[in-house]
Amino acid sequence: MTAVYKHRLFWPIVSLITLIAINAIARPQFIKITMRDGELYGPLISILRESAPLMLVALGMTIVIATRGIDLSVGATMAVSGAVALTIIDGSGDPGNLGTVLTACVVALLVSLVLGAWNGFLVSVVGIQPIIATLVLMLAGRGVALLITGGFITTVNSEPFAFIASGYLVALPFAFLIGVVAIVVMSLVERRTALGVLTEAVGINPEASRLAGVRSRSIIWGAYMVSGVLAGVAGLIYASNIRAADANAAGVFIELYAILAVVLGGTSLNGGKFSIAGTVVGVLIIQTLESSILFLGVSSAQSPVFFGFVVALVVVVQSPRMREGLAALSGRMRSRGPGARNDDKVEVA
Amino acid sequence: MNADTDVPPIVEMRGITIRFPGVLALDNVDFTLRPGEIHSLMGENGAGKSTLIKALTGVYAIDSGSISIVGERQTFSTAADAQDAGISTVYQEVNLCANLSVGENVMLGHEKRRSTGIDWKATHSEAARHLASLGLTLDTRSILASHSIAIQQLVAISRAMVLDAKVLILDEPTSSLDRGEVEQLFGIMRDLRDKGVAILFVSHFLDQVYEISDRITVLRNGALVGEHPIAELPRDALVTKMIGRELEDLASIASTSHRDIDRTGTPVVKATGLGKRGVLEPADLEIYEGEVVGIAGLLGSGRTELVRLLYGADRADEGTVEVHGRHVRLHQPRQAIEHRISLSSENRREEGVVADLTVAENIVLGMQARQGWLRKIPKKDQDAVVQEYIEALGVRPANPNALVGNLSGGNQQKVLLARWLATAPELLVLDEPTRGIDVGAKADIQRKVAELSAQGLSVIFISSELEEVLRMAQRVVVLRDRKKIGELEAATTDLDDLIDYIANAGEGSAA
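Just so you know, the protein sequences line up as chains A and B, in that order.
Oh and the first sequence: position 294 is 294 in our numbering, straight run, nothing missing.
Oh and the second sequence: position 456 is 456 in our numbering, straight run, nothing missing.
Worth flagging that the hints you see were computed from the coordinates, not collected in a lab.
Remember, it's a predicted structure, so these values are computed and weren't measured experimentally.
Each hint should be verified, as a subset may be incorrect.
[What the hints assert, rightly or not] Within a straight-line C-alpha distance of at most 20 Å, the following computed EDC-like cross-link-like pairs (lysine to aspartate or glutamate) qualify:
no. : chain 1 : residue 1 : chain 2 : residue 2
1   : B       : 166       : B       : 350
2   : B       : 195       : B       : 214
3   : B       : 241       : B       : 214
4   : A       : 273       : B       : 356
5   : A       : 273       : B       : 214
6   : B       : 276       : B       : 481
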């Protein structure tokens with residue numbers, strides 16, 4: 001019984017459920033899901049669809065944070081990725097061609113990989129502090145994106161490209177499915193191989209890990225490359241959604257939301273132990289909150305304050321001190337009678 | 001010896017129990033400290049000494065039991081609470097602000113004030129007065145870090161006096177002090193005792209415990225074994241109580257160690273002219289199959305530097321290394337591991353264990369690193385290896401899922417030894433594997449190393465304890481001032497010879 005309360009995902013999940021419940025009580029249609037032409041619609045489905053870019057970025061951020069690092073350049077990488085893809089599609093003369101779109105996406109992801117590799121090089125080889133190393137690209141990246149698009153917002157009308165953000169596959173939004181694939185692949189790679197535990201070892205004690213023969217440098221370098229590619233995919237989804245490459249607006253502040261999602265999911269900024277499942281829940285909390293603001297009709301002037309207030313609340317509820325207090329309280333209540341059992345299948349990773 | 005049982009106790013701990021995940025660290029332990037006594041807390045690593053101290057100083061919350069200070073029941077939830085109750089602690093690693101001045105450290109939080117702010121002149125003279133009462137004359141404006149560890153500890157004690165401590169806890173204060181510094185510390189401890197301060201002393205050095213203590217409390221495996229006045233507890237009885245069995249004669253290890261090694265073939269590892277500017281003058285080293293080579297020398301003589309260059313932990317800028325006669329490049333630890341060379345660092349906390357991972361994960365780390373991340377060692381094989389080494393080395397608690405950070409130093413050392421043995425090395429380099437651990441764990445580790453070397457493992461054994469080096473090794477390499485000065489056969493060398501060699505060899509015609 002106590003194991004459920006002490007599970008590190010208990011409070012994040014409680015926060016998420018509470019958020020959804022509040023919305024559902026305020027306006028019951030929030031949890032309504034309808035099927036139209038074999039495709040699912042509804043506010044919850046929209047949340048899943050819209051969460052995709054943040055999900056991808058936050059997954060990469062989780063791995064980087066596990067190595068004791070941080071990647072501030074993900075938003076800029078998104079902008080570059082979108083700029084590359086749209087410039088190629090726009091210049092091809094046949095924007096509707098699937099082959100053209102695929103080529104554009106692959107090139108955009110390769111460029112994102114290079115950006116991630118650059119960050120990883122600065123951190124793992126040159127030894128620059130991660131926050132500074134990635135700040136370079138955070139500041140310069142949008143400039144690079146503007147150079148690629150020639151300073152304009154490149155727009156395209158391409159059916160295959162638009163499909164990335166707004167298409168459906170097996171009744172679910174394609175963007176959401178991209179996120180799911182990323183979650184599953186990351187979980188499998190981290191847990192079925194030894195990469196997860198080696199990453200944690202490097203994050204907890206880099207020197208001991210190096211002396212134990214762990215390829216610390218490659219692991220750290222790889223983490224930034226993964227983060228770069230995932231940010232690149234996020235950039236494609238973003239660009240597809242607005243059918244344009246907007247270097248100044250793509251992924252603005254997403255690095256901070258991603259860090260928030262990772263922390264909400266219970267991964268410490270000190271590195272080491274990380275939780276993919278936790279990050280997924282963290283992303284869903286943030287995205288649900290964003291949607292709630294629209295859904296509950298909070299005015300745009302008030303929304304940042306509302307957002308900040310709820311985040312503060314969630315963080316406080318999850319703090320160790322609050323947890324101890326609540327655990328003690330629930331322990332007292334439990335001794336009087338049987339409590340409800342929470343199912344424990346939250347562990348994705 | 002002015003501590004009588006009828007003096008009302010200043011600290012009374014009753015039925016203290018503390019649990020960590022997977023570990024029962026203290027099990028219903030009683031402890032009593034009386035004013036004007038020096039009371040030693042003895043036990044092996046993992047016996048619960050540090051945990052008991054941390055319970056008393058408010059660092060750990062107790063799960064059950066009670067703590068009374070001067071007859072008043074106390075619940076400490078922070079270290080500050082304990083300090084307010086008059087309990088001060090001086091740790092082995094001095095917990096002061098190294099970048100502040102001596103005077104600022106002594107008076108921190110108790111600076112002399114006047115209307116315009118802190119009166120630094122008065123503060124420093126007050127600090128000087130406190131230091132003088134301990135017989136110390138220091139420039140109170142000098143930076144703390146510029147003084148030796150010994151002086152820093154004495155400064156920490158003066159700080160405790162400023163806080164008007166009734167109870168002073170000294171946790172391994174002497175482990176990095178030389179003989180003269182220990183005498184100075186003991187003089188101060190006796191003065192404070194005579195002024196009525198209760199002192200709790202922890203040390204691994206039996207001589208020091210018998211020299212200074214009035215009373216001894218012995219813990220074993222988290223439980224109380226007994227409390228005795230020093231006069232009623234002879235040394236052999238103390239050791240027996242600490243380890244819970246008769247101490248096996250370490251000489252038996254020596255007899256297995258001192259065997260003939262065949263040095264005619266190709267050495268397992270041969271280093272030629274291995275050196276790095278400013279770190280170590282080029283040195284040669286050969287290790288044959290089944291041989292234990294001891295490295296002796298003072299702290300800073302280049303012992304650690306030599307093996308770090310060999311292992312690739314630091315990159316040598318000259319010299320070559322051969323493994324079984326073939327030239328190899330060892331620029332990274334993992335290259336050394338690929339050639340079946342393993343090194344257990346002297347710095348177990350920073351360079352050894354990964355504290356937030358479990359015992360099992362720490363043991364498997366070396367094997368897994370060698371396999372690469374793609375080929376994860378199957379869970380079943382991991383469990384088998386982990387179980388085997390936990391049993392073979394007697395890791396306590398024998399729980400593979402306990403976090404290594406929660407284990408005692410000696411058990412962490414065993415976990416590290418397990419990590420390296422699991423990689424099946426041909427050459428195992430052990431840098432101070434027995435430092436800061438007690439007789440029992442030390443004997444376990446020495447016995448295991450002797451056993452493995454008899455089976456063909458080559459070992460480089462570094463220790464500050466020269467008796468241990470002579471007992472374990474067949475050949476001893478001696479370094480001084482970052483330079484190899486010679487080699488000795490252990491069987492024909494006694495302790496005095498070795499000390500004389502370390503001090504004098506090479507000065508003139510010798511060696």
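These are the hints, each one checked on the structure:
A threshold of 20 Å between alpha carbons decides the hint, and for residue 166 (chain B) with residue 350 (chain B) the separation of about 34 Å lies outside it, so the pair is violated. Between the alpha carbons of residue 195 (chain B) and residue 214 (chain B) the distance comes to roughly 15 Å, so the proposed pair stays at or under 20 Å and holds. The straight-line distance between the Cα atoms of residue 241 (chain B) and residue 214 (chain B) is roughly 18 Å, inside the 20 Å bound, and the hint therefore holds. Taking the CA atoms of residue 273 (chain A) and residue 356 (chain B), the gap is near 8 Å; set against the 20 Å cutoff, the hint holds.
Taking the CA atoms of residue 273 (chain A) and residue 214 (chain B), the gap is near 46 Å; set against the 20 Å cutoff, the hint is violated. Taking the CA atoms of residue 276 (chain B) and residue 481 (chain B), the gap is near 14 Å; set against the 20 Å cutoff, the hint holds.
In summary, the structure is inconsistent with hints 1 and 5 from the numbered list given earlier, while agreeing with the others.
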